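Sequences listed follow chains U and E, in order.
So that you can map any letter, position 284 of the first sequence is 284 in our numbering, and since no number is skipped, the others follow by simple counting.
Position in the second sequence (first residue = 1) + 1000 = our numbering.
Hints are supplied without guarantee of correctness; some may be wrong.
To be verified - Pair by pair, the computed Cβ-Cβ distance ranges are:
no.	chain 1	residue 1	chain 2	residue 2	range
1	U	18	E	1010	51 to 59 Å
2	U	116	E	1011	30 to 38 Å
3	E	1034	U	27	31 to 39 Å
4	U	206	E	1011	51 to 59 Å
5	E	1034	U	363	26 to 34 Å
The hints are simulated quantities; they were obtained by calculation from the structure and are not laboratory data.
Given the structure is predicted, the values throughout are model-derived calculations rather than measurements.
All C-beta atoms in this analysis are idealised placements derived from N, C-alpha and C, irrespective of residue type, glycine included.
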Amino acid sequence: MALHEADQAPRTEGEPVDVDPLVEAIEYCYAQGWTDGLPVVPPTPALVDRFLSETDRDPDEVLVHIPQFRRSATVRQVAVNAAMAGCRPDYVAVVLAAFEAVVDEGWPAAGGWQSTTGGGPMLIVNGPARHELGFNSRGNVFGPGFRANATVGRAMRLIIMNVFGIRPHELDQSTQGTTGKYSLCIAENEEESPWAPLHVELGDAPSDSALSAVHVRSVDFVDNRHTADPRQILNDIGDSIARTGTIVRLHKRICVVLGPEHAQLLAGRGMSKQDVKEYLTECSFRRRDDLRRAGKDAEASLSAHADPSPGLTPGMAEPSGEVEGAEGGDERISVLESPDDVLVVVAGAPNAGVSAVAQPLGFPPHFPGHAVVRPHKC
Amino acid sequence: MADVIFLERRGVPAAAICTAALRASADAMAAIQGAPGYRYAVVPHPVSSLDDEGLRTHAKLAGPQVLDILRGIDTEPAPNARGASSGTPGTAGTSGTGA
Chain U
1 MALHEADQAP RTEGEPVDVD PLVEAIEYCY AQGWTDGLPV VPPTPALVDR
51 FLSETDRDPD EVLVHIPQFR RSATVRQVAV NAAMAGCRPD YVAVVLAAFE
101 AVVDEGWPAA GGWQSTTGGG PMLIVNGPAR HELGFNSRGN VFGPGFRANA
151 TVGRAMRLII MNVFGIRPHE LDQSTQGTTG KYSLCIAENE EESPWAPLHV
201 ELGDAPSDSA LSAVHVRSVD FVDNRHTADP RQILNDIGDS IARTGTIVRL
251 HKRICVVLGP EHAQLLAGRG MSKQDVKEYL TECSFRRRDD LRRAGKDAEA
301 SLSAHADPSP GLTPGMAEPS GEVEGAEGGD ERISVLESPD DVLVVVAGAP
351 NAGVSAVAQP LGFPPHFPGH AVVRPHKC
Chain E
1001 MADVIFLERR GVPAAAICTA ALRASADAMA AIQGAPGYRY AVVPHPVSSL
1051 DDEGLRTHAK LAGPQVLDIL RGIDTEPAPN ARGASSGTPG TAGTSGTGA
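All chains should be built: construct the whole structure from the sequences, respecting the hints.
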């Protein structure tokens, strides 16, 4: 069945659905290589038109051209992939802003989508669109159950695969990838955050809806319901930030998603968001011995490409063996250079002392990528 | 891979070096750039964790391949380069370097 046939013979309410053409259409999409492995909604012309009717933007407007792929993304192509991802037509302005934020971060042009590091965009939604479209900012914020989160995040991956042709075993060189590549979209819990929300911190009006994007390799939990001391909680988060496995170069950026309970506890002890960023910059470190044990002392010495310290051997050379007690082993090696390299967002339920650390990839031009949702004028 | 093809199209002699593990992506990018079968030097994987001696060995494998590409000589890649290119000559279409 051609996809346009699915638009014909409108069905009246209550009439039984003939599932065979629908299943055929889904299988057709699989056969075209249009999916992320999960079934997609067949993007019939009528369905795509419904998406395009929800925006004032020209369907042929080019949102980005990436020379190395010789491909451009237009408003129409974003709408097609949003439809396939399962978005509602009225999500289209948010999907467009999400994609603009992803592009704004700078990784697409710099090859981040193809990297062996295997990450993908994490989206953060702020403003009234969270409630208008039903984004989840509370319990299970990284988990399933919410159409807006699931499908807007998924739309990014389908755009990357279908518009730019970045598919596994071809242009996508991910060594392992991450589950977040299917979809990773959270909303900030502005109502239970003690601080200004992310989009206001970035200069938007509170009444704006906005999308922020950070290309992340992983999201790791920090469970600390053991103390009410703000420094201990942040020390615990700092330990996850500085996990040796995540250290690739000397410094990194980090996105900390504080659960409301942690955020409120920190604010209750008088800490501003900036205070939190500054303390995390101080407390996110490893001892030189820790890095030696992991064969990463060279990273802490000079740069990612530095020669190893005398007496140490890197990577696949001879095993380094015991290193404890070597000179300077107790030295603190900070993994964060500046509080500006720390993003703090509040999301989740205020029901436990749980936060998360999202590990971004490298130093793209903007941190985070950001775009304001353009309202539909009609 | 794209950068090397861009360079060639600007008339700059160029040759890419790729590890065997990343050939699928290299071939896909060459095809996107309109240069399917584009020839490049291939060395065993990995590179990033090699010590100085390992890097020297890789350089010795890559060097002759790079020279052949730049000279337009169609030879098989070094036998030690596991999974190496079949040596299909490919060009970016304009430079005449044979690469």
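How the hints compare with the structure:
For residue 18/U paired with residue 1010/E, a C-beta distance near 57 Å keeps the hint of 51 to 59 Å intact. Remark: the range hint 30 to 38 Å for residue 116/U to residue 1011/E is upheld by a beta-carbon distance near 31 Å. Between residue 1034/E and residue 27/U, the C-beta spacing of about 32 Å keeps the proposed range 31 to 39 Å intact. Judged by the Cβ atoms, the range 51 to 59 Å given for residue 206/U and residue 1011/E holds: they are separated by roughly 54 Å.
A hinted range of 26 to 34 Å holds for the C-beta pair residue 1034/E and residue 363/U, which are about 32 Å apart.
When held up to the earlier numbered hints, the structure conflicts with none and fits them all.
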